[in-house]
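Start from the sequences, fold in the hints, and give me the full structure.
Same order as they appear, the protein sequences are chains A and B. Counting in the numbering used here, the first sequence runs from 21 upward without gaps. Counting in the numbering used here, the second sequence runs from 21 upward without gaps.
Some clues are possibly wrong.
Note that identical chains are pooled: a pair holds if it fits in a single copy or bridges any two copies.
Said to hold, decoys possible - Dumping the calculated SDA-like pairs for lysine to any residue here, alpha-carbon to alpha-carbon at most 25 Å:
no.: 1; residue 1: K55; residue 2: P137
no.: 2; residue 1: K51; residue 2: T39
no.: 3; residue 1: K288; residue 2: G132
no.: 4; residue 1: K288; residue 2: S133
Simulated from the structure, these hints should not be mistaken for laboratory data.
There are 2 protein chains.
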Amino acid sequence: MPTPVDLSRLSFNQMTCDTANLTQAIEASAKAGLKWIGVWRHKIKDAPVAQFGKQIRDAGLGVSGLCRGGMFPSLNPADRQRRIEDNLRAIDEAAALGTDTLVMVCGGIPQGSRDLPGARRMVVDGLAAIVPHAKAAGVRIGIEPLHPMYAADRSVVSTLGLANDMADQVGSGQVGVVIDVYHVWWDPQVYREIERSRGRIFGFHVCDWLVPTPHMLMGRGMMGDGIIEIARLREAVDAQGYTGPIECEIFNQEVWDAPIDQTMARMKHTFVTYC
Amino acid sequence: MPTPVDLSRLSFNQMTCDTANLTQAIEASAKAGLKWIGVWRHKIKDAPVAQFGKQIRDAGLGVSGLCRGGMFPSLNPADRQRRIEDNLRAIDEAAALGTDTLVMVCGGIPQGSRDLPGARRMVVDGLAAIVPHAKAAGVRIGIEPLHPMYAADRSVVSTLGLANDMADQVGSGQVGVVIDVYHVWWDPQVYREIERSRGRIFGFHVCDWLVPTPHMLMGRGMMGDGIIEIARLREAVDAQGYTGPIECEIFNQEVWDAPIDQTMARMKHTFVTYC
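Listed below in structure tokens is the structure:
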């Protein structure tokens, strides 16, 4: 039997309810008694970031992470530079929001290219380029490996092993990994790579893999509704010394369409039951 | 520049035109001047298998492989035994058809279970159980690793590395791997694992990964329409001594709906251009 997970670690990643704006997500999270919220960049455009930061703190919440930086690869050097500059802004936003963690979705193969190793090199170069600014801002860069089905168009970082390799290559304590069970559960090497992530796990995300899988993007399930051994993965991550927040992040139209308070209740129940 | 691929290695996997029956696929392959065809089990139900074998030989074609055995995992021991027996029949069908290669889609996580390592053990046990019969029949067992997006419901063998591990565990020259670019292209370790497959590569399949990816099952593209470095993978496979047929296998409604002769022409052109 897995050790019980502490409900106080649960964080509501706001993309679990895309239909709510950030203010609504903050209010619902606080009302549900949560301690954490995970924020997305496209949701902080309505007001100055620092104002959202204050609103979140005033609601008694911490920000577990800001999603997302990354998207480094491009065949055009000027475009790569623009992407790096956007990541510098993301670091500033994370700091203004009051979180020490920026989650990276590193980007796919550039349009017009088939060069996967080249795209991976661009990711490492991009990460290295933003390290000094991240360090100065006190923001950690968490490389989130994405499921291989997103390797072409979202992230060429397809395994936790590769994320660890990249963190090693960049060679800065500012760069680590964010582990989402949805992206890594299938990997025969995942437990070995979780051990290798020790000391640089900057985030942990949960949801479930549904069978049959309804959709490549919108097919995530609530914890317990699928086949992932979430508690086993959570214990493996904890065993490496990770004691931080655990974000629930579910892209699923049915979940999005449910009233947010109902989603909060369901999320809390399935979190303590299956994580 | 990659070395040119020999058109005589091209094999028409009949699931590239699901709308055709086996007789139509044989006739179209012969008319297109191909030397090989890849056959699926559900397409040989219309007549005795040996009769199809003769028809294929009479058309001047060889069978590059029979798809598919596998589907081993089940929580019920009697059901696991039934699945093994079905694989023994598949071996007999391969022999009757005149091919020395049975392609394995090994099966997903059993219904009612979340035990991924357990399912993987059931695959190894199932493979080991059919080796003696495969040996007696002169049929080789090719483990085809499937893309991780199929790990839950189709194959828990998600990487070429795991397929190699399993072949090692079974420890018989009768068991090797079948490499499909669609399933392995994203893997940071694929070139290392192709080297490790030396001497046990029993098949090589091509198609392409489209961007955006239209569908989890039916989203494969014709060679050149996507982002896979097919020629590089083909050369890596060849470099390990593989000189056998190369199957084109495309699940895509648009391709299925095209006239089969048109698909043949397009396949031949894209094969020599992009493989």
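Status of the hints after comparison with the structure:
{"no.": "1", "hint": "K55 with P137", "in the structure": "neither (40 Å within a copy, 35 Å between copies)"}
{"no.": "2", "hint": "K51 with T39", "in the structure": "within (18 Å within a copy, 56 Å between copies)"}
{"no.": "3", "hint": "K288 with G132", "in the structure": "between (44 Å within a copy, 23 Å between copies)"}
{"no.": "4", "hint": "K288 with S133", "in the structure": "between (43 Å within a copy, 23 Å between copies)"}
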